[in-house]
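Chain by chain, the residues run as shown.
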Amino acid sequence: MKGKVRLGFVVILIALAMAQIVAWDVFAETTIISGNVRGSIQITAPSGISSWELDSLAAQPNTQTGTLNVKANQNWQVKVKDADATNTNGLMAEWDGAAYVSSGNKLLNAMKVAAASEITLPTEGNIQTGTKTTASGQDVTVTFKQTVSWDDQILTGGHTYRIVVTFTGSLVP
Amino acid sequence: MILVRAMDFTRLNIICIFSIIFIFSFVGVRASSALGVGGAIFNYEIAPGGHISHEMVVSIDRNDPPIDIEVEVVGFGQLLDGGNMELKKELDMSPYSARTFLNVSPTSFHLKPGESQKVLLEGYVPANVGDGGRYAIVYLHSLPQGEGKIGVILAIDVPVLLTIQESPKIYNGEITNITLEKPVSGKSINVSIIYKNTGNYHYKALAEVLLMDEADNVLSRNATPLTFSSIIPSCSRIFKLSLSPNDTLMPGTYYVNSIVKLDNGTILDSKKEKLQSETKFEVEKSTTNIWILICLIVVILILVSYILWRIRRARAIIRKTNGDYPLELEKIPQVA
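Sequences listed follow chains D and Y, in order. In terms of this note's numbering, the first sequence opens at residue 1 and continues consecutively. In terms of this note's numbering, the second sequence opens at residue 1001 and continues consecutively.
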């Protein structure tokens, strides 16, 4: 008799333990965290150049350099273009400080922009490609090249020659 | 008192110099703003009729000057070198364009130093969109910065590549142009291939060229690496290679077989071009360093042998004069 009572007691204990395990499983909450790193790119173009003395007597082309910095977490490319087909279209044009001069002078030779590749504006094209960078990014030396002819006009009245270069960065598909 | 004044003056000078250096370095080093975009590529699989939503975060650094940004969705074109081309509505003729059913908001905004702005790309894919892939670019750009001779516009292209679910992907293409430079003795044969993706999906490809004689014997072979970026449907890519045959090519008829293929070896297109060589063609072999090294070793060996020979001769003379070597004196040259 005592043996049967003990056995029953053990069975009840086991049943209770099983129930507890099932209860734990039912009420346990699992937080699943999933995510991914998004493709990101940051581009710092060379600052605009204001004091460039273009000289027809100097070694041609006249050059100015600047630094482009790219931070990217996958393959990237940077291209240049002259977005202004009306006023400049690759040629530095007369600027009065606020706007391009209507029917103003233009330099006779197109500007070239070079890094790993050289592009003659207004043609657009990649000047540099690269792979995933470090946190400090990749510095790229960009050279602006402008040939000055003896036939180029000297501007007066505070006017200068100007062009706007677009630097476009992109992750590579 | 005079000493103190002199020291003050020196200190003042140092402060002035450092101030000038600081001001000039600040002006000289200052770059344009750093324009950054999170979510800068959108590669997504979507069912016809499905809704697209992609958030981008545009930001500038804390130390940057304020900047005005404009955003628009444009067609996805590509330059021959693989660079993106932002195609406005009037130029975007591709049947694989996603520009028509995508919108961004806001389309312009002002960022102060350290600020960021969320930009949302949204749209519904038409139910009858078709197969393969659909493509667009979210073009973010600043207004011109800098008042001087060269102004700068900062821009970022966000490529949008949509894959239409459960639709066949067609990997087709066509070599549309081959340019061969006629063989000139002493130079390689340069080959340019223009290849167009005529399929409905983007992919990377490589080009291979074979120089063959009339009996189809391969005389030279070269291949490019896989393209850095995928070729978008309807877009073309240029491959540039050179061939340098090992043996002299006699005047005659040759063939250049150009092949464009996928990474897995699947041939997308090939074309055979006739190459007529009027003169004997031999590529100049560059002098390799190993030959210079061999020549140097030979010269050194000759010199060492000569020196050893002279030493042995001198020793022989010394022994002879000491009388312990039975040589005839008249046959040994006199040493001064």
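One thing to keep in mind: the hints can contain errors.
As the list claims (entries may be wrong) - Using C-beta positions, here's what the derived DEER-type ranges look like: (1) D:Asn36 / Y:Gln1276: 38 to 48 Å; (2) Y:Glu1273 / D:Gly157: 32 to 42 Å; (3) Y:Asp1131 / D:Gly104: 45 to 55 Å; (4) Y:Gly1050 / D:Thr86: 34 to 44 Å; (5) Y:Ser1270 / D:Ser34: 40 to 50 Å; (6) D:Glu29 / Y:Pro1225: 44 to 54 Å.
Honestly, the hints are just simulated from the structure, not real lab data. C-beta atoms are modelled at their ideal positions from N, C-alpha and C, and glycine is treated no differently.
Hints breached by this structure: 1, 2
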